[in-house]
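**Q** Work out the full structure: start from the sequences and follow the hints.
Protein chains: 2
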Amino acid sequence: MPVETLKWIDQGLVIIDQRLLPSKEKYLLLNSTEDVCAAIRTLAVRGAPAIGVAAAYGVVLAALEKPDEEYVRSSINKLKETRPTAVNLFHALNIMEKHLDDAFDSDDPVAVFLEVAEGIRENDLRICRELSEHGARLLSDGDTVLTHCNAGGLATSGYGTAVGIVYAAKEEGKHIGVYADETRPLFQGGRLTAWELAKNGIEVTVICDSMAAEVLRQGKINHVIVGADRIAANGDSANKIGTYGISIAAREHGVPFYVAAPLTSFDFSLKSGNEIPIEERDSIEIYRAWGLTSAPDRVSFYNPAFDVTPAQNIAAIISEKGIARPPFDPVLESWRIDSCHEKIL
Amino acid sequence: MPVETLKWIDQGLVIIDQRLLPSKEKYLLLNSTEDVCAAIRTLAVRGAPAIGVAAAYGVVLAALEKPDEEYVRSSINKLKETRPTAVNLFHALNIMEKHLDDAFDSDDPVAVFLEVAEGIRENDLRICRELSEHGARLLSDGDTVLTHCNAGGLATSGYGTAVGIVYAAKEEGKHIGVYADETRPLFQGGRLTAWELAKNGIEVTVICDSMAAEVLRQGKINHVIVGADRIAANGDSANKIGTYGISIAAREHGVPFYVAAPLTSFDFSLKSGNEIPIEERDSIEIYRAWGLTSAPDRVSFYNPAFDVTPAQNIAAIISEKGIARPPFDPVLESWRIDSCHEKIL
Numbered sequence: 000m001p002v003e004t005l006k007w008i009d010q011g012l013v014i015i016d017q018r019l020l021p022s023k024e025k026y027l028l029l030n031s032t033e034d035v036c037a038a039i040r041t042l043a044v045r046g047a048p049a050i051g052v053a054a055a056y057g058v059v060l061a062a063l064e065k066p067d068e069e070y071v072r073s074s075i076n077k078l079k080e081t082r083p084t085a086v087n088l089f090h091a092l093n094i095m096e097k098h099l100d101d102a103f104d105s106d107d108p109v110a111v112f113l114e115v116a117e118g119i120r121e122n123d124l125r126i127c128r129e130l131s132e133h134g135a136r137l138l139s140d141g142d143t144v145l146t147h148c149n150a151g152g153l154a155t156s157g158y159g160t161a162v163g164i165v166y167a168a169k170e171e172g173k174h175i176g177v178y179a180d181e182t183r184p185l186f187q188g189g190r191l192t193a194w195e196l197a198k199n200g201i202e203v204t205v206i207c208d209s210m211a212a213e214v215l216r217q218g219k220i221n222h223v224i225v226g227a228d229r230i231a232a233n234g235d236s237a238n239k240i241g242t243y244g245i246s247i248a249a250r251e252h253g254v255p256f257y258v259a260a261p262l263t264s265f266d267f268s269l270k271s272g273n274e275i276p277i278e279e280r281d282s283i284e285i286y287r288a289w290g291l292t293s294a295p296d297r298v299s300f301y302n303p304a305f306d307v308t309p310a311q312n313i314a315a316i317i318s319e320k321g322i323a324r325p326p327f328d329p330v331l332e333s334w335r336i337d338s339c340h341e342k343i344l
Numbered sequence: 000m001p002v003e004t005l006k007w008i009d010q011g012l013v014i015i016d017q018r019l020l021p022s023k024e025k026y027l028l029l030n031s032t033e034d035v036c037a038a039i040r041t042l043a044v045r046g047a048p049a050i051g052v053a054a055a056y057g058v059v060l061a062a063l064e065k066p067d068e069e070y071v072r073s074s075i076n077k078l079k080e081t082r083p084t085a086v087n088l089f090h091a092l093n094i095m096e097k098h099l100d101d102a103f104d105s106d107d108p109v110a111v112f113l114e115v116a117e118g119i120r121e122n123d124l125r126i127c128r129e130l131s132e133h134g135a136r137l138l139s140d141g142d143t144v145l146t147h148c149n150a151g152g153l154a155t156s157g158y159g160t161a162v163g164i165v166y167a168a169k170e171e172g173k174h175i176g177v178y179a180d181e182t183r184p185l186f187q188g189g190r191l192t193a194w195e196l197a198k199n200g201i202e203v204t205v206i207c208d209s210m211a212a213e214v215l216r217q218g219k220i221n222h223v224i225v226g227a228d229r230i231a232a233n234g235d236s237a238n239k240i241g242t243y244g245i246s247i248a249a250r251e252h253g254v255p256f257y258v259a260a261p262l263t264s265f266d267f268s269l270k271s272g273n274e275i276p277i278e279e280r281d282s283i284e285i286y287r288a289w290g291l292t293s294a295p296d297r298v299s300f301y302n303p304a305f306d307v308t309p310a311q312n313i314a315a316i317i318s319e320k321g322i323a324r325p326p327f328d329p330v331l332e333s334w335r336i337d338s339c340h341e342k343i344l
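Chains A and B, in that order, give the protein sequences. All residue numbers for the first sequence refer to numbering that gives the first Met the number 0, where the first residue is 0 and numbers rise by one. All residue numbers for the second sequence refer to numbering that gives the first Met the number 0, where the first residue is 0 and numbers rise by one.
It cannot be assumed that every hint is accurate.
As the list claims (entries may be wrong) - Below, simulated DSBU-like cross-link-like pairs (lysine-lysine); rule was C-alpha separation at most 35 Å, straight line:
#	chain 1	residue 1	chain 2	residue 2
1	A	K219	B	K79
2	A	K270	B	K219
3	B	K270	A	K219
4	B	K219	A	K79
5	A	K97	A	K25
6	A	K23	B	K23
What the hints assert, rightly or not - Derived Cβ-Cβ restraints for the label pairs, each shown as a range:
#	chain 1	residue 1	chain 2	residue 2	range
7	B	D16	A	E278	36 to 42 Å
8	A	K23	B	L28	36 to 42 Å
9	A	N273	B	D328	40 to 46 Å
10	B	G321	A	K198	34 to 40 Å
11	A	N273	B	N30	46 to 52 Å
12	A	E202	B	A110	54 to 60 Å
13	B	R324	A	E278	40 to 46 Å
14	B	S139	A	E80	53 to 59 Å
What the hints assert, rightly or not - To give an idea of the interface, some chain B residues facing chain A are shown, with a C-beta separation under 10 Å as derived from the structure:
#	residue
15	G11
16	N93
17	R183
18	S209
19	K239
20	A248
21	V307
22	I336
Note that these hints are calculated values from the structure, not bench results. Note that CB positions come from ideal geometry on N, CA and C, so glycine has one too.
**A** Have a look at this one:
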């Protein structure tokens, strides 16, 4: 596994603190629901699939704190309020919620919740690996991939989605280079993607987000691959702010733009990306991240954390079900129906 | 004048240290050619027109150090090596070089060089104001402008080009709002443009570079206006890295994209932007600007300081001669011929 993002031990949930990378590799022990909420809100754990998994363990911690159905239910609601865009959070918490009755009918509610949470984590590892193997078919030996933000091991239970595809291609013996957008304001590309790729022996070049169009123009990139926080039924995909601009530049230069995400990142209840709630975060992230004063604090700021790339800018959507090409609606509908017949847990 | 960027006093050239803004408003006294070279190389003074003016004073300082024609000539060559992209540097130094004979034929070479340098500065102020007045005709009351990097007072002798247009529109009584891209890696938009706009009472919203496409999609922007470091005879315009990507996104959303620069930023000897030399700067600017560790230092970096926006993405080029619309070649050629008949100094 490329990264150990999060792991349950007897005392609680251990996560790698993603706010401190790459300067420090420090692990945090979360042993209350509130710890998990804070870790999600402050991005100590981030990435749509990883947020979902962490939240599931947050429910286990609630049951440990107080084995009471109403208490656990209210803890689930608190966890749902931490971040609005990644739908994986809601998917995972809805699964946990469905087990409230079983858990409290049993002798050991904590054991029931823990089994479900472990299942969610194992499922994430499995589907990330499956989607990565599908995606790797799109890459040829010697290709260079541009990615944005971090859709790697750190964004999931450990394998990754967009970056997982690069890991899978490497396992197949292909030599793949990566350009990583640093991803302002919080540098998830520079800090996290570059860190985990280097750790796993993959050649990575970090650029500022503003350099992506120029790098595409220079013909350095064969494929753009990004993750997603929420994909609507028509293929419109919300992902880290900046993704949309790259999709336009990629189209301008005839470079295929792919979105890689497990079905846990799909929201079939939304017809289009217009319905996806976009989180707006505190402007301090822009003007004083890590103590850096990069703007006067008396001016205005606008800090949307995500944008939506319209389906028409996307050449393929890759999930554990395979590779969808436009028009996406019928393929995504078949994936939806397929997934209804599966009982993840 | 919106900003006092640089000013000659008896002891030398005083500049505002643009590396420290907005945290500190500190002035530096440069009293040797080497001081001026270092200030240009390290971006204590930056912006194509301001670099040219500062370099002219650097020649005065050379003559003060050693009133010897060969010494001054070699100092001019040192100044030419500080930065490669902004053509204003070479224009200004070529003017100074033309006065070598007059200066050393006179009783007071320093006085001759100083008069020429002061003339270059005053000319810059005049032409920036003229181009800004032309550009202001494009703006209506209530408009919002997106700009990138800093093409304001700080980038010139004090009035600005792209941002000068906003100042001129304000002087005409129009209320103009500005979105300023922060402009990684060195935050000239967040640190400098936001600082000088706020200081001059203009409403400014700072965004990360990656947010520009989304802000354009939301319909918040009426005009994109940027400066230029070098414009080729066909209108292709080199400007701070990131400009090219914005030009693509602006076209995608039908928002006109303007380049504002005085003729001192034009290089009529180059047929197209392909011939413009693009500076590549130290990668430490990306991973450790201002002490911030934003990427592991053992990975690769690519740090081009500029990119070229092709003429077809530009709706208008604004200079002190007026407003050019595509096709640019004939208008720019008429500006060239016109400028040959003028004797700036």
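**Q** Where does the structure disagree with the numbered hints, that is, which hint numbers, in rising order?
**A** 10, 11, 14, 15, 16 and 22
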